[in-house]
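All chains should be built: construct the whole structure from the sequences, respecting the hints.
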Amino acid sequence: MPDKKMNWKYIGTGLAIFIILIFLPQFLPRFYIYLSALILITGLLATSLNLVLGFGGMYQFHHAVFYGIGAYAFALTLTKTSLSPWIALLAAPAIAGLLGLIMGFICVRLSKLYFGMLQLSLGSLVWALVFRWYSFTGGDDGIHGISLPDIISSTTGSYYFTLIVTAVCLVLMYLIVNSPFGRTFQGIRDNPERTEAVGVNVRLHQLIGLMIAGAFAGIAGSLFVAVEGSVFPDLLFWTFSLELIIMCLLGGWFTFFGPMLGGAIIVMLRTFVGIYTEYWTLILGIVLMMLILFLPEGVLGYLKEKFKMHDKTVAI
Amino acid sequence: MLSVEAVNKSFDGFMAVNEAELLVEKEEVVAVIGPNGAGKTTLFNLITGQLAPDNGRILFKGEDITGLPPFIICRKSISRSFQIVNVFNRLTVFENVQVAVLSHQKKTFNIFSPAKNMAGRETMEILESVGLAEKANSISSTLSHGDQKVLEMAIALGNKPELLILDEPTAGMSPEETEVTLKLIKSLSGEMGLTILFCEHDMSMVFSIAQKIMVMQQGRTIIQGNPDEVKNDRHVQEAYLGGSEECFR
Chain A
117 MPDKKMNWKY IGTGLAIFII LIFLPQFLPR FYIYLSALIL ITGLLATSLN LVLGFGGMYQ
177 FHHAVFYGIG AYAFALTLTK TSLSPWIALL AAPAIAGLLG LIMGFICVRL SKLYFGMLQL
237 SLGSLVWALV FRWYSFTGGD DGIHGISLPD IISSTTGSYY FTLIVTAVCL VLMYLIVNSP
297 FGRTFQGIRD NPERTEAVGV NVRLHQLIGL MIAGAFAGIA GSLFVAVEGS VFPDLLFWTF
357 SLELIIMCLL GGWFTFFGPM LGGAIIVMLR TFVGIYTEYW TLILGIVLMM LILFLPEGVL
417 GYLKEKFKMH DKTVAI
Chain B
-9 MLSVEAVNKS FDGFMAVNEA ELLVEKEEVV AVIGPNGAGK TTLFNLITGQ LAPDNGRILF
51 KGEDITGLPP FIICRKSISR SFQIVNVFNR LTVFENVQVA VLSHQKKTFN IFSPAKNMAG
111 RETMEILESV GLAEKANSIS STLSHGDQKV LEMAIALGNK PELLILDEPT AGMSPEETEV
171 TLKLIKSLSG EMGLTILFCE HDMSMVFSIA QKIMVMQQGR TIIQGNPDEV KNDRHVQEAY
231 LGGSEECFR
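Sequence order for the protein chains is A and B. If you read the first sequence in the working numbering, its first letter stands for residue 117, the second for the next number, and so on. If you read the second sequence in the working numbering, its first letter stands for residue -9, the second for the next number, and so on.
In case anyone wonders, no lab produced these hints; they're calculated from the structure. All values reported here derive from a predicted model rather than from experimental measurement. Idealized CB from N, CA, C, for every residue including glycine. One should not assume that every hint holds.
[To be verified] If you anchor each label on the Cβ, the simulated ranges turn out as follows:
id	chain 1	residue 1	chain 2	residue 2	range
1	A	I267	B	S103	31 to 41 Å
2	A	I138	B	S103	42 to 52 Å
3	A	W202	B	F1	56 to 66 Å
4	A	V403	B	K66	45 to 55 Å
5	A	I402	B	H191	50 to 60 Å
6	B	K150	A	P265	46 to 56 Å
7	A	F423	B	D54	33 to 43 Å
8	A	G390	B	S131	54 to 64 Å
Following this line, the structure appears as structure tokens:
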């Protein structure tokens, strides 16, 4: 069967990239290992957004909230309780998923832009809470110098930890996108009215999708803490959410690995252009304009079209 | 099987459906006809839950389904197609029908096993029965209008309905495509024993397959009866056909 062969090609490519990433710390200086970890985390976060954005058709304008809350959940459990760090790690997806469920419950009755606007305002509310609640979250100072288990406290250690968790999460999300649930979700994206007419409880599926996306974003947040050892309210500021949406669009929001690619491009752009000018968002703006004019389906979407990877049975 | 009793629906004071009455018996093919704006599509939307009636009752197999949401009504085995093409644009033809079949098999909450080969046999059977099997892997937005209308029907069949509701199944089709669709509807009713309710402007089609016809005008039911009764009804001739019998020839 031809699509089986295609499948192996994708799995092979994925494994090859994974193996390269495993050996990366042998060659790269510390800063680049740190940067690679940051790319993985941001890519994972953008991919989790794309679950609901590109595959669910829901304009989740403020996705960074779940990332920030995941980071805070992990950091606060570590600093305020005596629980084992590995259990504290579970707090991130649990709390972020719960928040996804609560915010989803309020927003899901609205559609498209109205959904996005309400989600943005609720998210900003959460940000304000974190920003102001000095006694609990540390307010705008954040929490710094969080002590982590030895195994993940070094740059290389946290890199490997990030790599493994990101890989596992990507596999899980890939399975979800290609499952009956994922298929139904794409049906809802294309045509909610029709999906409801074939007997699907659209709102319930949307709600579950929002919860899953929130949980994965929370995991990305906990990885950020593992790499940086600190949290601050900027993690859940709305401008970062906008960047995440750009990552999805840039990479290709109807592809699975597009947001990962978009995340890598944006993080590198910010890092390297940021060395020369603080107006790196100017470059971002130009990139965005080019994107809209020349690559409306994103980089990976364009490549998929160009090389006729029209094997629609596998979402890449 | 289906009975619509004195159902009303108004939009901003405009009575789109006004005391409409409709009766569909098991294994019948029933057509709803009427001029544009008579309320046919609104009536269908009321039956399948896209809209809730202001008052009146809708019974299906003796059960009151008035005002239930569309997905619940669908699960009671009423499926429908839409007048304006309403498919899943970015999915393949196969996936379009598969979404409905997966929903029917209650597998939509299954989040980790691959969907690729799931419900494959059932989906392909439907595609073969409507003649879209060869185009199974095409993205549905690339199909011709006629094929998309057929796909509409195929999606509706994915839920294995007892009552199939078709909103202008041949609208915008070429005469050849209309002919094929006509045969398809006949075989759905004849071989598969489906009960079919449809509305249509093409009178030759209506009179060639409908066993009962309901005539609507300005939201009201003028008459429901067999084709001969409808043809010879004075009210229908006056109101809908302008007093002439020409339209039936």
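Hints that the structure is at odds with (numbers, increasing): Numbers 2, 7, 8 - these are the hints that the structure violates, sorted from lowest upward.
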